[in-house]
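Protein chains: 4
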Amino acid sequence: MASAAASRIKAGIVGGTGYTGVELLRLLSQHPQVELTAITSRKEDGMPVADMYPNLRGRVDLCFQTPDKAALEDCDVVFFATPHGVAMSQAKTLLDKGVRIIDLAADFRLQDTQMFERWYKMPHSCPDILAESAYGLVELNRSRIAGAKVVGNPGCYPTTVLLGLAPLLEGGRKLVDTSHIIADCKSGVSGAGRKAEVSTLFSEASDNFKAYGVAGHRHHPEISEHLNALAGGPVGLTFVPHLVPMIRGMFSTLYARILPEAMDTDFQALFEQRYADEAFVDVMPAGSLPETRSVRAANQLRIAVHRPGNGDQLVILVIQDNLVKGASGQAVQNMNLMFGLPESTGLTHVAILP
Amino acid sequence: MASAAASRIKAGIVGGTGYTGVELLRLLSQHPQVELTAITSRKEDGMPVADMYPNLRGRVDLCFQTPDKAALEDCDVVFFATPHGVAMSQAKTLLDKGVRIIDLAADFRLQDTQMFERWYKMPHSCPDILAESAYGLVELNRSRIAGAKVVGNPGCYPTTVLLGLAPLLEGGRKLVDTSHIIADCKSGVSGAGRKAEVSTLFSEASDNFKAYGVAGHRHHPEISEHLNALAGGPVGLTFVPHLVPMIRGMFSTLYARILPEAMDTDFQALFEQRYADEAFVDVMPAGSLPETRSVRAANQLRIAVHRPGNGDQLVILVIQDNLVKGASGQAVQNMNLMFGLPESTGLTHVAILP
Amino acid sequence: MASAAASRIKAGIVGGTGYTGVELLRLLSQHPQVELTAITSRKEDGMPVADMYPNLRGRVDLCFQTPDKAALEDCDVVFFATPHGVAMSQAKTLLDKGVRIIDLAADFRLQDTQMFERWYKMPHSCPDILAESAYGLVELNRSRIAGAKVVGNPGCYPTTVLLGLAPLLEGGRKLVDTSHIIADCKSGVSGAGRKAEVSTLFSEASDNFKAYGVAGHRHHPEISEHLNALAGGPVGLTFVPHLVPMIRGMFSTLYARILPEAMDTDFQALFEQRYADEAFVDVMPAGSLPETRSVRAANQLRIAVHRPGNGDQLVILVIQDNLVKGASGQAVQNMNLMFGLPESTGLTHVAILP
Amino acid sequence: MASAAASRIKAGIVGGTGYTGVELLRLLSQHPQVELTAITSRKEDGMPVADMYPNLRGRVDLCFQTPDKAALEDCDVVFFATPHGVAMSQAKTLLDKGVRIIDLAADFRLQDTQMFERWYKMPHSCPDILAESAYGLVELNRSRIAGAKVVGNPGCYPTTVLLGLAPLLEGGRKLVDTSHIIADCKSGVSGAGRKAEVSTLFSEASDNFKAYGVAGHRHHPEISEHLNALAGGPVGLTFVPHLVPMIRGMFSTLYARILPEAMDTDFQALFEQRYADEAFVDVMPAGSLPETRSVRAANQLRIAVHRPGNGDQLVILVIQDNLVKGASGQAVQNMNLMFGLPESTGLTHVAILP
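Chains as they are written, first to last, in the working numbering: chain A, 1 to 354; chain B, 1001 to 1354; chain C, 2001 to 2354; chain D, 3001 to 3354.
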């Protein structure tokens, strides 16, 4: 018993007052190989975590601490559930102590630091660490993540778009017109975070539907960088995010035109084979219509491949829970991989339905 | 035509950026006898109203103005859709110019200024005007309102509780045990206003139910003052408000114990007779189960009288749209009365269902 | 007064127990030039309309009647808010009596009867009347509707897609690649009607998002027939409808690739000019992000034209209330036009927000 | 490994197509000591469970079977997630084979068979088995359940009302006026089940609030029978259930008048002591305001004790997830107890928030 406890991974969370923070707490507190040792918040020093998040009453005994009090350097891994820019400011100190880092913000998502600076309005303070870091989309980058000391956990939209398009683009395949791919994406409101803002008030966001960020969204360069890498060249992407009056869930409808020479491709088989060994990517049977609730609170992404009228237009439907496979669940999946655990450890919760 | 326009009521709104403000704009812009002439906001000077409230695009051409620019003293009536304390600070100046005032905040709801100061944490700055003002619950106070220059528009909860209990208490009737009346009330989220707060974010308030203010709520003294006046003596009230994940709507379940000597009373008839001539109070047939959506966006309150098992416990169900009969619609009803118009003018919209 | 009443349009509704029925009742009961004279339902004979739809209590006194009792032939106009196939079975009898017909189902939407029969699984019983009928999308077909005796009121999705694409296609314009247009559409749940079905239960449809009909939807041939007519040739359309957890509202995101020779076109100006005189189509300023709630319960459609990065991909955002401009409001608009009334009569309600 | 599997409890589910069925599947499929061996449905014979409930894809491999095919008599325990009347018709056959029974319907909730017959409109077919059965409210009936072969799992409302009042009534305590207790209860829509009905359609039930069953609800006699037993005499209860537009969650506001001789009681301490050893009943600190989301998808009930103004009116707030502690989670808790497992086995999931 003592030895089992001794061998557990000591995990800390920086900035755990937002939705990715509470979701990390939910997952890590039930993870059989993890011991939660610290959680920081500048504002809430001394407050029991369970006072802010009543679902944790009786389950998580930690209190928030200011960063200086929390012994983060004694952790084996620290998750950053913070605004952009925080992880890169603390990375070096922690790495020097041998602590591994998983950042749920954008600091380690884009290798192109100019692009980072343009979209996030701040200079990148540790390009050397960035160069050594791994992009934490496990299904596309498994071996690199396994050996990484710093992982940039992907954005929620990029997770769906990249996994939904990868089989079409990988390895220089010439299957679809890569100059004009469309990603029409829909997210639940929790994707906007727990910040007090008028636009995400219940009375503003419920019984309503809208697009946003049509002129530009920070996830666009992230998607593009990795699409280009997959395809081995520039991919033209139109990306339109929308806001759905639901708490959790993300649905991406992807449109790609099949090239004339690829009209005989069995796309269903292509997707099934690509993800045959993936625990968290479910290629549904042909004709399936996935619903976001089928993955509510679970680390699962589902894909359905459609080709209406057997024509030249592919329609790929991708769903996930934006807070789990799109954020905190994926972060735990990365941790498992980095520490040599079976990838599904602590991530086998069945989705909540209804 | 010109003379008709000339005779229309010139109406101004102070602080129209909240939900009662936009609802006033919706109602007044469609009112056949009103000309909207000014709307103020310190922060949004120069912004077209329709930019903040896109439902008003093409329907309301006004821009927000700072209070000093808006010619409020040229109005016939000014509505205050402001935080508590604003109306009383501007009342004297406007009254001196002959402008009538309808305050949707609490400044003129409580005659007991000590009680006001205890609950609203500010001194009352014009007790003389308060003494002359009328409490704007038309069905209980019609004649006084008709002659008033200042009206305190009732709170949303008080409107339902007072109209739901009045027939039992008025005129010193001895029908129910007035020492222990219970009001278990439920409100849609718009009742909390348009202020950015974490607790009313979509991701916090939807798919959830909770009580609040159990230890004390500002509407409690307002209800009590008027209940006591109705009953001609102290009424013991337990008031528990709850938050419902819906935008609009209020539902109050009122419990009163029938006195032994009143067991033969026909309560259904009592309520029907009391409100027989009221356009905006609908006493439903015996056994009815009202739904808040049946009054969505309409100036209507409905009451259903229940007496389970024909026992000694009355259960009165009361519904309204908190933003209409519970706020802005009632304010327009008051205006109609103050200006000698038929009370229903501009208030006959059919509720939106579904 | 008597003469005014005498000159009012006598309107009947067949099958008014669904959502388009109650919405017709709401609009027609407030229409200054209409007298509601009959509403039929086989099942609910004798039931007051207000018992089924409590928002109509005190506002509509009609009872449902069986079709044989209702004197539909004495009406000036009859609206069919029925399942597909009913209007065409009764059209001849009514037309012979001089009654005009507005069908909210699909019987008079498609001129191609083979296409009708394939998608609606029934033969078309009156192709001669169909040939004389008008497709009731006023902004595209005004003169023909004005003289028609039978109008096929458009489907909700077609209304948004056709009005959103018309300026690009009309008059043989060569502006966009018409071989691959994409309509990614999202509808509130009321679009599925008031039929008891598991898939639209609250516990199934709320906090959820899904696509449906990806392999084929009845509105697809309707859109295509009219797109082809607009463009003067075949238009390739991919149409994917989705279900949004909101009661009312429709949002269509339309993607069209700009042709090389049309890259200098001012698309914003094109749309503004096309709809400059339309009361119910609002082309919003460049960069606008429309929200469905801005038209809740109003007969209004709004369009925003986007061209991300000034590239060759147009993104057209179109919103409406599916039950108003997408159904019953449009039907009243058609009636106004057929009877020579100003088109906006009875349709000027301001949208409900929040 | 083999022996571990061999020793697992073989569980069957009769009628698993409703919400309590899928919730049982979610909980039992993750229970470390259970092997799911059969699930029956007359209509869906042969359909994989995961086709109806996509959250179970990849997690539950069972197919629905007709009752005659399913080897229920080989199970150790059979759960009935069926309409009322089914369990009692099959109980004897299963008991003769040594199978234990947990009924989630009402067949074994009421010892008073006349009351059962009045409210459920059917004769009770096995009063002898009923007499031997245990009412499955663990915290009030633990020892009897541990030895029972048949357990009647409590209704959702009774769970909250009984646990919320028990400390006040048990052991003949004279603390509150037991002649007039009020239970104002609010339930999420999933409590109405997965049956296709107009009244629980999304477009009917969302953005709405209503009471129902005011004249009488089947849970009333169930609550009363057990309240009377607790108090050792008749308890007068007014019970008003309401419908909340949320999927899961139940909130009961209980009102009891403190007797003059009990005014000095420390009610907070009373509740804390009563439930000090209960894993699934959380008495919150004084002044707490519980929210239903804090127990979403968790087998947890929370109680907050209020006494506004330190007067004579107690207000007890009780929350649970109606599908978990109010139904399927409680059923698993009963199973654990009946089979000698630690009561929390398989029931330690952290609630989902947001």
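Be aware that a few hints might be false.
[Said to hold, decoys possible] The calculated BS3-like cross-link candidates involving lysine-lysine, where the alpha carbons are at most 30 Å apart (straight line), are: (1) 2043/C - 3092/D; (2) 3043/D - 2043/C; (3) 1092/B - 1149/B; (4) 2121/C - 2010/C; (5) 3195/D - 2121/C; (6) 1195/B - 121/A; (7) 1195/B - 195/A.
Quick caveat, the hints were computed from the structure, so don't treat them as lab data.
> For this structure, which hints from the list above don't hold up?
Replying inline: Hint check: 1 and 4 fail, others pass.
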